[in-house]
Amino acid sequence: MQEIRVTNYPEVLVDRPTHYCPGCQHGIAHRLVAEALTDLGVVDKTIAVSSIGCSVFLYNYLNLDTVEAPHGRAPAVATGVKRARPDAVVFTYQGDGDLASIGMAEIMHCANRGERVTVIFVNNTVYGMTGGQMAPTTLVGQKTTTCPGGRCLEREGAPIRMSEIIASLGGTAYCERVAVNTVKNVLGAKKAIRKAFQYQLDGKGFSFVEVLSTCPTNWRMTPVAANERVASEMIPYFPLGTFKDIAATEGA
Amino acid sequence: MSERVFLKGNEAIARAALAAGMRCYFGYPITPQNDIPELLSAELPKAGGEFVQAESEVAAANMLLGAAACGVRAMTTSSSPGISLMQEAISYMAGSELPGVIVNMNRGGPGLGDIGPSQGDYYQATRGGGHGDYRTLVLAPGTVQEAYDLTMLAFDLAFHYRNPVMVLGDAILGQMKEPVTPHTPARTADPEAASWCLQGAVGRPGRIIKSLFLEDGALAGQNTRLAAKYQAMEAEVRAEQFLVEDAELVVVAYGSIGRIAKSTVRKLRNAGHKVGLVRPITLFPFPSAMLRALADQGKRFLTLEHNLGQMVDDVRLAIRTVADSAFHGHLPGNLPTPNDFEAPILTALGADH
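Residue numbers (our numbering), protein chains in the order written: chain A, 6 to 257; chain B, 20 to 372.
Worth flagging that the hints you see were computed from the coordinates, not collected in a lab.
Each hint should be verified, as a subset may be incorrect.
[To be verified] Pairs of lysine to any residue residues, derived as SDA-like cross-links and limited to a Cα-Cα distance of at most 25 angstroms, are as follows:
#1 A:Lys50 to B:Ala212
#2 B:Lys229 to A:Ser106
#3 B:Lys229 to A:Glu16
#4 B:Lys229 to A:Pro22
#5 B:Lys229 to A:Ile240
#6 B:Lys229 to B:Leu104
#7 A:Lys50 to B:Leu354
#8 A:Lys196 to A:Tyr25
#9 A:Lys50 to B:Lys196
#10 A:Lys50 to A:Ile33
#11 A:Lys50 to A:Cys26
#12 A:Lys195 to B:Ala220
#13 B:Lys229 to A:Asn232
#14 A:Lys50 to B:Leu104
#15 A:Lys50 to B:Glu253
#16 A:Lys189 to A:Met109
#17 A:Lys196 to B:Lys229
#18 A:Lys200 to A:Tyr14
#19 A:Lys209 to B:Glu116
#20 B:Lys65 to A:Lys195
#21 B:Lys229 to A:Ala110
#22 A:Lys200 to B:Arg42
#23 A:Lys196 to B:Lys196
#24 B:Lys229 to B:Leu354
#25 B:Lys229 to A:Cys26
#26 A:Lys50 to B:Asp209
#27 B:Lys196 to B:His292
#28 B:Lys229 to A:Ile107
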């Protein structure tokens, strides 16, 4: 029987098994980045900045020039890259511990300066690589290995909504929160990521896409249950949508 | 450009970096080195380069890492507390084999210390400073002209070895004004970097610049390569010798203190005392062979530092099988004068005073 491919993946996406756990949505996010760069025809002028966490191995799956940043520092490294190579398309790919905890200063100031870079922020409400500790985005009541009784609002504070914060900064041109839990949402995420890179190419300013994502292993859930949790628990607290779009406000 | 100009040490460093073709500068305000970012904020954009005032020294050093990954000449400058914050990125740069220039205008510590001169960061500078087992090349200017020349050299060495290079001055050198003869170096860019730097993967597989080596044996291989590189840096060793030939006592001192000690040595020579000076200009690599050769001639040693005693360890290691070094530490918080070093030198000489 002849093999019929019903879909193709972009060449920049390396054809190899990933180290990600079953049901993890990093793979979808990687693919959407790969598709956006391919659609825009900028693969060979792109420089990726990988971060610390599960996605440190981004460079194993995207065939791009890549530099590995210390934990949380990817937006600073990306600033250095973009200033050195203003014609390059520069993006960081960061998790929620990396970006919203240890790297809070770097992301805020990179956005505020309006660096012409794109940040793909994968929020799965937990530290994945180190074994499921509480993240700044962990939902109230959510159990992790460092809040075994569930995150307590009085003790640990409320989960941080990054897109809302990033949208408030002057240098941000585009800021959107998406999910990849349904086909419809994947298509929306694809559009947002592509738009974020387009804004960088147009020199509009800093662009940011938050991708709500699963971590079945550290959530102690099946992939199906984890995917359902995105809709039932995450989206109600982290609403999807566009938080800033300077083209819309400019009427462009 | 042979005209002499009157410059502060900090200005000399900024001007040397401009002349050396620096494309990117990242910094955060801290005394006593603010003249450097202030001058560069105006002059670097005029020269077509990028100046960024970072949100912290942590960010500044990581911006340096990013620019270095692109193979461009880049620099950050700070002073002791800020240099502590940069150690994370410096370690990553060493592990990722990235070239960059880091200037430390050493101030008093520990903690917030003061804004006056100190040599308290010798250990931090010469032992890597951050986590992991690595070294940075360390250049220690003693005059404003040397600050200019060594800053230029730092860019060449950083790219030659693909390694961070530190210029270690202090609050004296940064604030002191002296005549300088500016010049243009032979090299102001590093086209060889095209073989490893990030430009976008055009017609080739993507390049990965990283310090993570998880595969079996990979980190051992990387550390072996780094060790060989640090060994090769021995070729860069530099030191000034002053009146050592017939000296009975060799004073060893670096940077501003070496310069002050030179005045003391000159004065004591005029009084008939057989004293000389070795001023290490590279602190890593350290001029061990030179000191050992002097020790073999039967000379005695006194190390003078503006700290509790740090470089004296390296002096003692260099001469350990044949001699020892006395030590005098002028503690940070006090500004030493040539007179302050007279008594310690005479004591080490065994002379009456």
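Checked hints:
For the hint linking Lys50 of chain A to Ala212 of chain B, the alpha-carbon distance of about 17 angstroms falls within 25 angstroms, and the restraint holds. Using a Cα cut-off of 25 angstroms, the hinted pair Lys229 of chain B and Ser106 of chain A holds, with the two alpha carbons roughly 22 angstroms apart. Note on Lys229 of chain B and Glu16 of chain A: the hinted pairing holds, with a Cα-Cα distance of about 23 angstroms set against a maximum of 25 angstroms. The hinted pair formed by Lys229 of chain B and Pro22 of chain A meets the criterion: a straight-line CA distance of about 21 angstroms does not exceed 25 angstroms.
The hinted pair formed by Lys229 of chain B and Ile240 of chain A fails the criterion: a straight-line CA distance of about 35 angstroms is larger than 25 angstroms. For the hint linking Lys229 of chain B to Leu104 of chain B, the alpha-carbon distance of about 20 angstroms falls within 25 angstroms, and the restraint holds. Using a Cα cut-off of 25 angstroms, the hinted pair Lys50 of chain A and Leu354 of chain B is violated, with the two alpha carbons roughly 53 angstroms apart. With a C-alpha separation of about 24 angstroms, the suggested pairing of Lys196 of chain A with Tyr25 of chain A holds against the 25 angstroms cut-off.
With a C-alpha separation of about 46 angstroms, the suggested pair Lys50 of chain A and Lys196 of chain B falls outside the 25 angstroms cut-off, and the hint is violated. Between Lys50 of chain A and Ile33 of chain A, the direct Cα distance comes to roughly 22 angstroms. Compliance with the 25 angstroms bound is thereby established for this hinted pair. This hinted pair does not check out: Lys50 of chain A and Cys26 of chain A have alpha carbons roughly 31 angstroms apart, beyond 25 angstroms. Between the alpha carbons of Lys195 of chain A and Ala220 of chain B the distance comes to roughly 23 angstroms, so the proposed pair stays at or under 25 angstroms and holds.
Restraint check: the Cα-Cα separation between Lys229 of chain B and Asn232 of chain A comes to about 33 angstroms, which exceeds 25 angstroms; the hinted pair is violated. A threshold of 25 angstroms between alpha carbons decides the hint, and for Lys50 of chain A with Leu104 of chain B the separation of about 32 angstroms lies outside it, so the pair is violated. Among the hinted pairs, Lys50 of chain A with Glu253 of chain B is inconsistent with the structure: their alpha-carbon atoms are about 38 angstroms apart, more than 25 angstroms. Using a Cα cut-off of 25 angstroms, the hinted pair Lys189 of chain A and Met109 of chain A is violated, with the two alpha carbons roughly 31 angstroms apart.
Note on Lys196 of chain A and Lys229 of chain B: the hinted pairing is violated, with a Cα-Cα distance of about 31 angstroms set against a maximum of 25 angstroms. Taking the CA atoms of Lys200 of chain A and Tyr14 of chain A, the gap is near 19 angstroms; set against the 25 angstroms cutoff, the hint holds. A distance of roughly 33 angstroms separates the Cα atoms of Lys209 of chain A and Glu116 of chain B; the hinted pair therefore is violated under the 25 angstroms criterion. Between Lys65 of chain B and Lys195 of chain A the alpha-carbon distance is near 40 angstroms, which puts this suggested pair outside the 25 angstroms criterion.
With a C-alpha separation of about 23 angstroms, the suggested pairing of Lys229 of chain B with Ala110 of chain A holds against the 25 angstroms cut-off. For the suggested pair Lys200 of chain A and Arg42 of chain B, the alpha carbons sit about 30 angstroms apart, so the restraint of at most 25 angstroms is broken. Proposed proximity of Lys196 of chain A and Lys196 of chain B is contradicted: the alpha carbons are some 58 angstroms apart, above 25 angstroms. Taking the CA atoms of Lys229 of chain B and Leu354 of chain B, the gap is near 43 angstroms; set against the 25 angstroms cutoff, the hint is violated.
A C-alpha spacing of about 23 angstroms is found between Lys229 of chain B and Cys26 of chain A, which places the hinted pair at or below 25 angstroms, so the restraint holds. Using a Cα cut-off of 25 angstroms, the hinted pair Lys50 of chain A and Asp209 of chain B holds, with the two alpha carbons roughly 20 angstroms apart. The hinted pair formed by Lys196 of chain B and His292 of chain B fails the criterion: a straight-line CA distance of about 31 angstroms is larger than 25 angstroms. Simply put, Lys229 of chain B and Ile107 of chain A have alpha-carbon atoms about 20 angstroms apart, close enough for the 25 angstroms limit, and the pair holds.
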